[in-house]
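Trainee: Make a model of the complete structure from these sequences and hints.
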Amino acid sequence: MSIDTPDVATAASKPDEKQPEYPLCSTCGSHRVYHDAWASWDPATQDWVLAATFDYVHCDNCGGEASLEWKQGTPDRIAQIRDLNDALRRNSSRTGNLVITAGVTAEGEALIATALKAVAEFDVFTKSNDPHQEHDFGAVTVEGLKLFFKIDYFDKAMEALSHDPADPSVTTRVLTIMLAEEY
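For the sequence shown, this note's numbering assigns the number 3 to the initial residue and increments by one for each residue that follows.
Don't read these hints as lab results, they were simulated from the structure. Every residue, glycine too, gets a C-beta built ideally from N, C-alpha and C. Everything hinted at is true.
Pairwise CB distance ranges, derived in the manner of DEER restraints:
1. Y185 to Q48: 18 to 26 Å
2. N131 to S42: 20 to 28 Å
3. N131 to T76: 20 to 28 Å
4. K129 to A39: 20 to 28 Å
5. R96 to T55: 36 to 44 Å
6. A162 to A122: 24 to 32 Å
Straight-line distance between alpha carbons at most 35 Å, and here's what the computed DSBU-like set of lysine-lysine pairs gives:
7. K129 to K148
8. K148 to K119
9. K158 to K119
Mentor: In structure tokens form, the structure reads like this:
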């Protein structure tokens, strides 16, 4: 489903405009909440369109029913997440883990080294491939192979998703590099 999100960089330059809001679990403060909904396929746009939402909200972090508390997204928070992700991709931060999938590993050490360099140097983030402006996903071509990289946010124990990816004291980042077909 496509959801248009405001261009945060543009909105940040206009102080009278609000930043995007995001929901938080009122129990544990996690932003990993889910809301039941119906969507219908629109043949004209070739996309899913939100039709209705229901009352049930589930928190993926604390595991229970939750009520939502809406928080205003701030450019500083988004910039903090983006900076932490960029530091991990560029290997200038030792605050995360690296996962190389079996498909990439099978291609050999030389490809892995080239892939790491390509991911570190990737800077073609656009509104369409980086809608939340967090620099947490991208695609590179290395030796004729299309690779994806993605960054996920876990708690320090690596047992659940982080409730605040902007806070490195509660977040472990995991950078995964995979063949496109492994996604």
